[in-house]
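Residue numbers (this note's numbering), protein chains in the order written: chain E, 1 to 241; chain L, 1001 to 1244.
Please note: incorrect hints may appear among the correct ones.
Partial chain E-side listing against chain L, Cβ under 7 Å, derived [what the hints assert, rightly or not]:
#1 A61
#2 A100
#3 L103
Facing chain E, according to a computed beta carbon distance under 8 Å, are these residues of chain L, among others [claimed, not checked]:
#4 D1142
#5 R1145
#6 K1153
By construction, these hints were calculated from the structure, which means they are not laboratory data. All residues carry an ideal CB built from backbone N, CA and C; glycine is no exception.
One-letter residues, chain by chain:
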Amino acid sequence: MSPAGDPGPLDVRIALKRVKSAAGQEVEILANLAFRLEPGEVGALLGPSGCGKSTCLRIVAGLDDLFEGAVERPAGPLAMVFQEPRLLPWRSVEDNIRLAAPLIGAADLEALLKPLGLAEHRAHFPGELSLGLARRVALARAFAVRPSLLLLDEPLVSLDGPLALALERELAAFVAERSVTTVLVTHDVGEVIRLADHIFVLSSRPARVIGEIRVERPRERMNADEARSIEARIQELRTLP
Amino acid sequence: MRLFSLGALGALWIVAAHFGDPRRLPGPVAVFAAMEKAAASGELFAAMAITMARVAAAFTLAMALGSALGYAMGRRALVDRLADPWIVVLLNLPALVIIVLLYIWAGLNETAAIAAVALNKLPNATVTIREGARALDPALDDMSRVFAFGPWKRLRHVVLPQLAPYIAAATRSGLSLVWKIVLVVELLGRPNGVGFEINEAFQLFDVALLLAYALPFTGAMLIVEALVVQPFERRVSRWRPRPA
Chain E
1 MSPAGDPGPL DVRIALKRVK SAAGQEVEIL ANLAFRLEPG EVGALLGPSG
51 CGKSTCLRIV AGLDDLFEGA VERPAGPLAM VFQEPRLLPW RSVEDNIRLA
101 APLIGAADLE ALLKPLGLAE HRAHFPGELS LGLARRVALA RAFAVRPSLL
151 LLDEPLVSLD GPLALALERE LAAFVAERSV TTVLVTHDVG EVIRLADHIF
201 VLSSRPARVI GEIRVERPRE RMNADEARSI EARIQELRTL P
Chain L
1001 MRLFSLGALG ALWIVAAHFG DPRRLPGPVA VFAAMEKAAA SGELFAAMAI
1051 TMARVAAAFT LAMALGSALG YAMGRRALVD RLADPWIVVL LNLPALVIIV
1101 LLYIWAGLNE TAAIAAVALN KLPNATVTIR EGARALDPAL DDMSRVFAFG
1151 PWKRLRHVVL PQLAPYIAAA TRSGLSLVWK IVLVVELLGR PNGVGFEINE
1201 AFQLFDVALL LAYALPFTGA MLIVEALVVQ PFERRVSRWR PRPA
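When you get a sec, could you build the whole thing from the sequences and use the hints?
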């Protein structure tokens, strides 16, 4: 029994997830994939591309019910940042955020938009924004709902280096400040080391967790040696038969 | 350019009327005189108002039912399989057959008239909206589910903006179809309206009177298109980046 005000853990146990391929064959995407995060922890699913990370995240989000197993989510709102920004092109930046978070006040919205550099873009339509800006709007939308569970599907993919780093810092700050349970899916080892408390290394298809690495907090003070040693352990796990 | 094209049509009319039989094709002067007479007696406006009301009722009915059915068919494969043969039959049933059958079954009354027109337009709206519903973006669906959009919010902010071009297309083709069929329905079984007056003119072989009713009505429908349909289209597409 979790105490009052505690949203509870995220507990994912996927025994089997199959999909039908275009040729009509059943393909196993995920098999015995299980992980657990306590409230406020940041978990990263790290795996080769095409291993089923996004499928797993869709199941965690409750968008896909056709699997064997169970997912227990923290109580409270859910937010997700998809691989593409997925904004409503016919609504302004501000409306996109307000539609997801109808209760957000003017001051909170301002405080959210400013550090992301979106303050002067609130009346723009998503089609008028660069990809980097649109991704920031998607992040702002996710933050605005004050989620108890935040799902990030390669949120920084295809952004250039400095911009990706800047957004990564915003992301780390938000997650630390609100202590929101977060699942990050990526194939970028560096991103994982800088953001996650738990790293779950996934096998290739059908994906399962082949190793779990705990990253000691606080991450900001991690030195290069520690980072290298984590990277080495990830490499080691990946080369296991 | 459009005005020039319209002017050329008018000039052709004048020339044809000048060299032709004035009883078969009266010139603009004769038609305007007939129009003035009909307008002065109030009959022209009464007939137009009645016909417009029928157009509005049948159009609204057909668009509402057709959109709902088309959406359901585009989203649910089972509904599509069940309803599709009906739609195909309705699409290929001549308008006249539907009108006559409804007049026989329901009697020569207003309900039968409006139902007949709506039924003629319905399959057309349905297949257009069905295409739109099939093209709805599943990625935005996922987004609205993750952020817990309610049904109304989803409809208004996610679904309808995606369907807007299809709704506009169905409106355009629908309006012209509906008003043409309304005239036939009036001609066959209503004691008033523009269609009835045209039938009278036909019986009297009065082409000037016929045109006096047909032209203002066509003009009125063009104005509806320019003042309602086009602004709607502009409004729903204002978010699209325009080429500079």
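Restraint satisfaction for A100 (chain E) [CB to CB of chain L, less than 7 Å]:
holds, 4 Å
Closest C-beta approach of A61 (chain E) to chain L relative to 7 Å, hint status
holds, 6 Å
The hint names D1142 (chain L) as touching chain E; please verify it with the least Cβ-Cβ distance against 8 Å.
Holds: closest Cβ of chain E sits about 5 Å from D1142 (chain L), inside 8 Å.
Status of the hint placing R1145 (chain L) at chain E (closest C-beta pair under 8 Å)
holds, 6 Å
Can the hint on L103 (chain E) be confirmed by a CB-to-CB distance to chain L that is less than 7 Å?
violated, 12 Å
Identify whether the interface hint at K1153 (chain L) stands, where standing means a beta carbon of chain E within less than 8 Å of its own.
holds, 7 Å
The structure fails to meet hint 3 from the earlier list, while all remaining hints are met.
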